[in-house]
Each structure stands twice: as structure tokens, then as C-alpha cells.
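*Asks:* For the record, the sequence lines run as chains A and B. Letter by letter, the first sequence follows residues 882 to 1033 in the working numbering. Letter by letter, the second sequence follows residues 5 to 141 in the working numbering.
Check before you lean on any hint, since a few could be wrong.
Restraint-style ranges between C-beta atoms, simulated for each label pair [claimed, not checked]:
1. B:65 to A:902: 18 to 28 Å
2. A:1004 to B:21: 24 to 34 Å
3. B:108 to A:914: 33 to 43 Å
These are calculated hints, taken from the structure and not from any lab test. We treat Cβ as the ideally placed atom computed from N, Cα and C, and that holds for glycine.
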Amino acid sequence: MKVMVFVKANADTEASVLPSEQELRDMGNFNEALVNAGIMRAGDGLKPSVNGARVRFSGKKRTVIDGPFTETKELVAGYWIWEVASLAEAIKWVKRCPNPTGEESVIEIRPIFEPEDFGEAYTPELRAKTEKLRAKATKQINKRKKAPKKKR
Amino acid sequence: MRFMIIVKASRDSEAGAMPEEALLAAMAKYHEDLAKAGVLLDANALHPSSKGARIRYSGGKRNVIDGPFAATTLIAGFTFIQVKSKAEAIEWAKRMPAPHGEHNDCEIEVRQLFELEDFGSSEAIERFREMGVASER
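So that you can see chain A by itself, here it is in the shape it has in the complex (with noise of 0.2 Å):
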């Protein structure tokens, strides 16, 4: 199964305090770990709320809020996509993380659906679709990695 392992924001993560050269060492560690014990899909930091933005759909409207947001509980800090036998073996993983914010942090993971999930609603069609879909961005992505990186 595949689950999303988030790390919640805190005041630190939100004034984008950046993590030490040790921590930054303690976490390349752990995802190490999960590298070679092959379970790790993905994983990235998120830029604090002052970066981001909220769309709110309301009927037929959309309306753009800009950050920051104040609920920094709320908000996500970071998170990890891994492939893992169970969700106790996901729980086992996250207590080797070090502790991401180096203060209190909640780590929260959750089941990622996988197509079965959705049942009759997820027509053969869609299914084909998306799989499709999926194969492409992969192509995508593989072709951006193969080229040489531009200067940002």
C-alpha cells in the first residue's frame, strides 16, 4: 500500500527557519534508510503559507486568498509518499524520523486509494484514462530529468 507521511507546520517551519546542517544530516540519514530499504517514492519540504495561496469554490465562483494562513497546526510543513506492507510498518518507520521540527511535531500518515478503491463509480474507461495519464507525466518527467538542468 501506499501512504502520505506529513509533517504538520509549526512557528518555525511557518517564519521559514531553515533546518541546521545537522538536522539536515539527521533527516538525509533517515532517508537513506528508506531508500535502501525501498520503500521511499517521494518526498519534499513545503515553502511556508506566505509563499502560497488558498482558491476557495463557493457555487460557480472562485476566489483567490493569498498567504499566509493562521492556523499553523493546520498547515502541512513537508510530507513523504512510501510504499510500505502496512500501515504498522509506516508507524514503525516514523519513529526512527528524527523529530522533523526539532521541537514538538505530529507526524500524521494516511492510505493513499489505490483505483480498486472507488469501486463501480471508476468505470474501466476512467481507469484506462488515467492510467494513460499516469504513464505520460511519468514520460514527462523522465524527459525533463534526461535533459540538461536550466538555469533557474
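Go by the hints and put chain B onto chain A.
*Replies:* Frame of chain A; chain B shown alone:
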């Protein structure tokens, strides 16, 4: 620049209600458009929090708390895109079909991802780069 479009949970998504076929079709079309434009990186939906858990870090201790959790603080799904600007990310976010159906008001959140360059250069950052995580594709 990479962005994560976050769909918040609703009472229905937390109750395990599945989206209707029309909404699934609209979402498929939207993601098809993202892929056609070459900006789609990944997209996934999350099971209700009753199937998840939290780990709390406090004073060197780790405590496991089983779900479900209060719906207002939860995420139901996410789409990753790679675009040129925040404005472009917001344009795409506005085109998303209302994720819980047109009659259910909600918010989605657009958040920029850190790139490894943002952390300066160090041996630890080089190791992240070698692992192939946290970088533009």
C-alpha cells in the same frame, strides 16, 4: 517551480463517501489537461483519517495516536504541478473541478515546494540530491 495543490477533507470524504462518476470524470479531464500542458507531476487521493495515524514528538518521546481526526484539519487529496510562477499555479488551481462537487463549498490550498538550492550547499544536501528526492523533475 513546483507546487502542491491540496484538497481539504469534507465531512463526506471523512465518512468514506465515494465521488460520483461525473466528478471522477471531471477530475480525469482536468488532470488530462494538466498532463497535456506538461505541468502534471503526480496526483493522489487519501483514505479517510480513520485509516491513518499520527505520531507526536515531544521531549524525545514518540506517541502513536490512531485516527480518525477532526475533519477541519485534514487533507483529502493532492496534485503536484511544475510551473513557471505562482500565478500560473493559481490559474491551474482555479480550473480544478470543485473537488467535493459544485454544490459543496470548499477551499484548496496551493503551496510551493522547497528546492534543494533553497537550503544552500552542504554535504547533506548533496546526499539528498543523489537520492533523487526533493528536486525539480
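*Asks:* A separate judgement is required for each hint: does it hold in the structure or not?
*Replies:* Do the hints match the structure? See the list:
1. B:65 to A:902: 18 to 28 Å: Between residue 65 of chain B and residue 902 of chain A, where Cβ atoms are some 25 Å apart, the hint holds.
2. A:1004 to B:21: 24 to 34 Å: For residue 21 of chain B against residue 1004 of chain A, whose Cβ atoms are near 18 Å apart, the range 24 to 34 Å is violated.
3. B:108 to A:914: 33 to 43 Å: Hint holds: Cβ distance 41 Å, inside 33 to 43 Å.
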